[in-house]
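K.L.:
Here is what each chain is made of, one letter per residue.
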Amino acid sequence: MNCRKAEKLISKQLDNRLEASESAWLNAHLKICPACARLALEYQKLKNLSAELRIEAEPSPYFSERVSARLSSEAKLSIWAVVEKWYARAIPVFLVTATLLVGLLFLMQPAEPELSQSEMLLFQNQSPLKEMQAFFDEEKPENRQLKLLFAGLENLDSYQGDK
Amino acid sequence: MLAGKDEQVMEENQVVKLAQQGDTEAFSTLVRNYQNKVFGLAVNIVHNHETADDLAQEIFIKAYQALPRFRSESEFGTWLYQIAINHIRDHLRKHKKEKDALRLDDIPEPGGEEKELSLELADNQEEERRKRLITEKMEEMPEKYRLILSLRDIQGLSYEEISRILKLTPGTVDSRLHRARRLLRKKLAQALSQEGGKR
Chain A
0 MNCRKAEKLI
10 SKQLDNRLEA
20 SESAWLNAHL
30 KICPACARLA
40 LEYQKLKNLS
50 AELRIEAEPS
60 PYFSERVSAR
70 LSSEAKLSIW
80 AVVEKWYARA
90 IPVFLVTATL
100 LVGLLFLMQP
110 AEPELSQSEM
120 LLFQNQSPLK
130 EMQAFFDEEK
140 PENRQLKLLF
150 AGLENLDSYQ
160 GDK
Chain B
0 MLAGKDEQVM
10 EENQVVKLAQ
20 QGDTEAFSTL
30 VRNYQNKVFG
40 LAVNIVHNHE
50 TADDLAQEIF
60 IKAYQALPRF
70 RSESEFGTWL
80 YQIAINHIRD
90 HLRKHKKEKD
100 ALRLDDIPEP
110 GGEEKELSLE
120 LADNQEEERR
130 KRLITEKMEE
140 MPEKYRLILS
150 LRDIQGLSYE
160 EISRILKLTP
170 GTVDSRLHRA
180 RRLLRKKLAQ
190 ALSQEGGKR
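First to last, the protein sequences are chains A and B. Here the first sequence stands for residues 0 to 162, where the numbers follow numbering that gives the first Met the number 0. Here the second sequence stands for residues 0 to 198, where the numbers follow numbering that gives the first Met the number 0.
Any given hint could turn out to be false.
[What the hints assert, rightly or not] Listed next, the in silico DSBU-like pairs over lysine-lysine satisfying Cα-Cα at most 35 Å (straight line):
1. A:LYS46 / B:LYS36
2. A:LYS44 / B:LYS136
3. B:LYS36 / B:LYS16
Rather than coming from a laboratory, the hints here were simulated on the basis of the structure.
Just chain A, with the same shape it has in the complex (with noise of 0.2 Å):
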């Protein structure tokens, strides 16, 4: 445990940010640990050792002019950025709008008038006038008595309701 904290206080001891009372605790400890003591010699020899890796070298000739250029060239790339970026934005708002005005379209359009049965069988290309045929092709005068009287009852139920 002692030794744990002597560790801690070389170190601080290296950036002379020791207290006075931990300075005092650590040369007591270091006078009695052989151990702590050769590692504080260690710590110091490496710190010494990093302090001369300190490398004192400038940049490549003119620096500030190659910065310049670079930053020209990426303010080009950077317009670039701001038409793309606009155009990659745009094409979801259209795709919405397009949605939407389509959408009011459909719902603004008128509502289909309600067809009749015989525009609704001309609709469907058949000849309104097929059903009445039907009547008079039957052979017995009785039964296309009865039908065109049932037909006709017919038509004037759906007068009645109309009205």
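Once you've looked at the hints, dock chain B against the given chain A.
P.N.:
Okay, now just chain B, sitting in the frame of chain A:
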């Protein structure tokens, strides 16, 4: 009367304002003022001149794009360093070499069964070899430890600067730095003991 540093900050703030208004010459002035610092930061982390040059250019481009969002609450230099660190961090993440990275939990406490190691340096040649070894081992470390070691032990930035740039409390800087040094020491110890075994 304003002190020299305050005058410099005021002057810089004016240049920054002009750059924010789209004055490209003002931005070029900022690039010239900070190019060595930004490049130095990058090259000391990635250890490659060309990569660092590219990274530094990209950092300034990012800074230019982010310039409208810069508020003078912090110094321009600190703000630029934050952009630089984030960009370098992204670069390291893309090119990470952490396959052999050790987990900190695996590091034994001092005084345990750890094989004795010595960083004694016999001569200059040996010292150069050790430096190369440190660089190599640092590159294997997770980026958060690599960054803090580079900022503090290699580039010598102050705790306050590191706190501001990495947005960490001084206490976190302390503990992260300690863990980073411990990990580096452990990696070196392993490498040196392996070398010792080969000899």
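K.L.:
So, for every hint listed, does it hold in this structure?
P.N.:
Evaluated hints:
no.: 1; hint: A:LYS46 / B:LYS36; result: holds, 21 Å
no.: 2; hint: A:LYS44 / B:LYS136; result: holds, 16 Å
no.: 3; hint: B:LYS36 / B:LYS16; result: holds, 21 Å
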